[in-house]
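K.L.:
Sequence:
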Amino acid sequence: MPTFIKECIEMLNHKDFIKYICEISGISDLLADEYLHGGGIHCYPKKGKLNTHLDYSIHPLTGKERRLNLIIYINKDWQDHWGGNLQIMDDPENPGCKVTVKPKYNSALIFQTCDSSFHGIPELIQCPPERSRNSLAVYYVTPPREGVTTRPKAKFYVNPAERGDERLKRLLEIRTQRRITKEDLQEIYPYWEKKFYEDSI
15 MPTFIKECIE
25 MLNHKDFIKY
35 ICEISGISDL
45 LADEYLHGGG
55 IHCYPKKGKL
65 NTHLDYSIHP
75 LTGKERRLNL
85 IIYINKDWQD
95 HWGGNLQIMD
105 DPENPGCKVT
115 VKPKYNSALI
125 FQTCDSSFHG
135 IPELIQCPPE
145 RSRNSLAVYY
155 VTPPREGVTT
165 RPKAKFYVNP
175 AERGDERLKR
185 LLEIRTQRRI
195 TKEDLQEIYP
205 YWEKKFYEDS
215 I
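Heads up: the sequence shown begins at 15 in the numbering used here, then just goes up one per residue.
No lab work stands behind these hints: they were computed from the structure.
Check each hint, because a few of them may be wrong.
[What the hints assert, rightly or not] Simulated crosslink set (DSS-like; lysine-lysine; CA at most 25 Å straight-line):
#, residue 1, residue 2
1, K63, K183
2, K196, K60
3, K116, K63
Go ahead and model the full structure; you've got the sequences and the hints to work with.
P.N.:
So, in structure tokens, the structure goes:
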């Protein structure tokens, strides 16, 4: 890990910064995720995407509840027509009900992880092949609240343009339990790259 990234993560997880995040969020008992599980640098290349999803709710190693996401965008000179916008919505079945966040350089986004924080990058990114959409993500946790939904893995949803694709639905169902393997792809959707990427050139 580059030194400057390590130093940035240490600052974001410092007790003084977390105290500030507690104040602005109204969640008084936030803690850093010492394992940075699912966090760090997120990099999406040309034609990359991230289906709409809910994040895991219970940390698989500590048992704590994931409560806040902090994303910092680190794309210099990113062009709007390349896309890469994060979409946040109340209902994945109603794509018109959403907030769109552009990956503006040196800006940050904080949002709660909860049962209605559906989000993703559903549209294929159209940056040049030598560029990528980059961000730094850290998550904050608390002791689990009573009655919290137990979601050990992220729950993904098909995007509006993909509805009716039963093969993709099967893969996303597997993803709620474990990682998708090469064997899964070969069995269920052997030509998925042609379907989602070559057809969109």
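K.L.:
Now look at each hint and say whether the structure bears it out.
P.N.:
Going through the hints against the structure:
1. K63 <-> K183: Judged against 25 Å, a Cα distance of about 16 Å means the pair holds.
2. K196 <-> K60: Measuring from Cα to Cα gives roughly 22 Å; hence the hint holds.
3. K116 <-> K63: Within the cut-off at roughly 14 Å; holds.
In summary, the structure agrees with every hint in the numbered list given earlier.
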